[in-house]
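For this one, chain H is given, so just place chain L on it according to the hints.
There are 2 protein chains.
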Amino acid sequence: MATPAFQFTTKATIATFGGTLLKLTHESAVLGCPMAINVFFPPGAFGRSTPKVPVLWYLAGLTCSGDNGAEKGFFNYWAAKYGIAVVYPDTSPRSSNHPGEHDAYDFGSAAGFYLDATKEPWAQNYKMETYITSELPAALYSYFIVLDNSRVSLMGHSMGGHGALTLFFKHPGKYKSTSAFAPIVNPSKCPWGQKAFSGYLASKQEWAKHDATELIKAYSGADLDIFISCGLSDENLIGGQLLIDNFVAAAKEAGRDRQVTVKYAPDYDHSYYYVSSLAQEHVEHAAKHLGVL
Amino acid sequence: MATPAFQFTTKATIATFGGTLLKLTHESAVLGCPMAINVFFPPGAFGRSTPKVPVLWYLAGLTCSGDNGAEKGFFNYWAAKYGIAVVYPDTSPRSSNHPGEHDAYDFGSAAGFYLDATKEPWAQNYKMETYITSELPAALYSYFIVLDNSRVSLMGHSMGGHGALTLFFKHPGKYKSTSAFAPIVNPSKCPWGQKAFSGYLASKQEWAKHDATELIKAYSGADLDIFISCGLSDENLIGGQLLIDNFVAAAKEAGRDRQVTVKYAPDYDHSYYYVSSLAQEHVEHAAKHLGVL
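For the protein sequence lines, the chains are H and L, in the order given.
For what it's worth, the working numbering labels the leading residue of the first sequence as 22, then goes sequentially.
For what it's worth, the working numbering labels the leading residue of the second sequence as 22, then goes sequentially.
So here's chain H without its partners, still in its complex pose (with noise of 0.2 Å):
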């Protein structure tokens, strides 16, 4: 991997639950603007080289930045108890200027859906899965070297859901694990999905290689342990946006159904309410595979 084209700016560094919060900037040249994001470090990790500690990448869903999750998310307590670091990134460019790409919450801004875009003007600059899975931790791991980058997992909520699946499935052996809190398993064939792919995609052809449900029947890497959770009460769930039993079905069409679990949890619903009450679940997920529990 290159060197990484940018530096990180420090604009907080904050106390919480023994660790230690920075919220920093960086210029992204895969994005072609600056960004924001919020990386936790457990106690003792902050400004010390060793012992590296592992990483869990917490994706978040439309409208949302790198604040939602380590504000409201409760992530940091559990990350604080296992000895865990937990990278909050954003979930689109921000400041492009395409007509129309501040104009609906569940496109443009804050709703990149972690794919490279093919379609213009989106292809020039909306590249949030290189971002996530190259630049932003080629230089994350080697500015922070406390960070052990043989050691990563991911997880995600709702369209941040579909990115810590699809993006699993895209590259294998780079994550360790990865879990979803009320995940878009099946954009291909719900609106919100829809309207991303038909708006990033240049080809319908392309779709598939975004979609979970298509990605792990194509999946051909070692056994499964997906951990996903839902709120029975999710307006999206009920409303179609997320298609779980789609995931389901592919799964055991591809003969990995017992390396799927879902939870689905009785009255949450989409918030972080059912995020935070859920949090201890997906962390300790992460952990067991990251190898702190």
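Rather than coming from a laboratory, the hints here were simulated on the basis of the structure.
No false leads were mixed into what you were given.
The list treats identical chains as one, so a pair stands whether inside a single copy or across any two.
Derived DSS-like pairs (lysine-lysine); straight-line CA-CA distance at most 25 Å:
#, residue 1, residue 2
1, K216, K191
2, K191, K230
3, K32, K93
4, K102, K284
5, K44, K93
6, K238, K284
7, K210, K230
Here is chain L on its own, set in the frame of chain H:
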């Protein structure tokens, strides 16, 4: 206590940490406007009448509403564990339209300072003390009979820490305990307090009645067990808005220095990253006095 003047409208019923958070609105006769509050019921309590559960009020700080603590405080996690209900009221009337009401972050809306104003036009309806200690609890405890009005504690942050301390002293016997995160303890001597007291109170002679540092000197009740925490990187501690030393000196002068515990926590700032980090200790302080720990 008279029959409450209002009923509640439930805007949302949200599952969180195994319990239920209600988002409620009501018309307040005391404040002369509609108000929003959040109430967390621990697992099993919502919709029941017995066994009754103790109640912990969280009073928020400047710029906040009842949402900040509910979303970012991490209190519901600990309250669920100990079987405590948490009430998150707002910090002021919101729609009185007094001149300048919405012009400053530290006076008027979201800055009611938990007192009954005596200076016009605020005296008309900025009566947060009567609202928090009388009107709202009377309505809540008769509407939700699972809430145990004989086991009630207070806690608060910043301006809300001022509220939690002063309302405790001013209403002996009403609360089992109080605790405060980074409280404004000597408002007569700090810029925020002086601005608020000058604006809300008709005469400077009234200031001492609303100042925790004066109130502890005058308090004649039984032994206290007050818990205060504050981050050592708290910008408002450093900036002279909190003046916690003055409260400690007053406690000593009153022979109550062993009845006040101040925990200075290295590195923490004034934000909810700090509040959530100390939430466990504050909820457990209340839990002890509420008989559930």
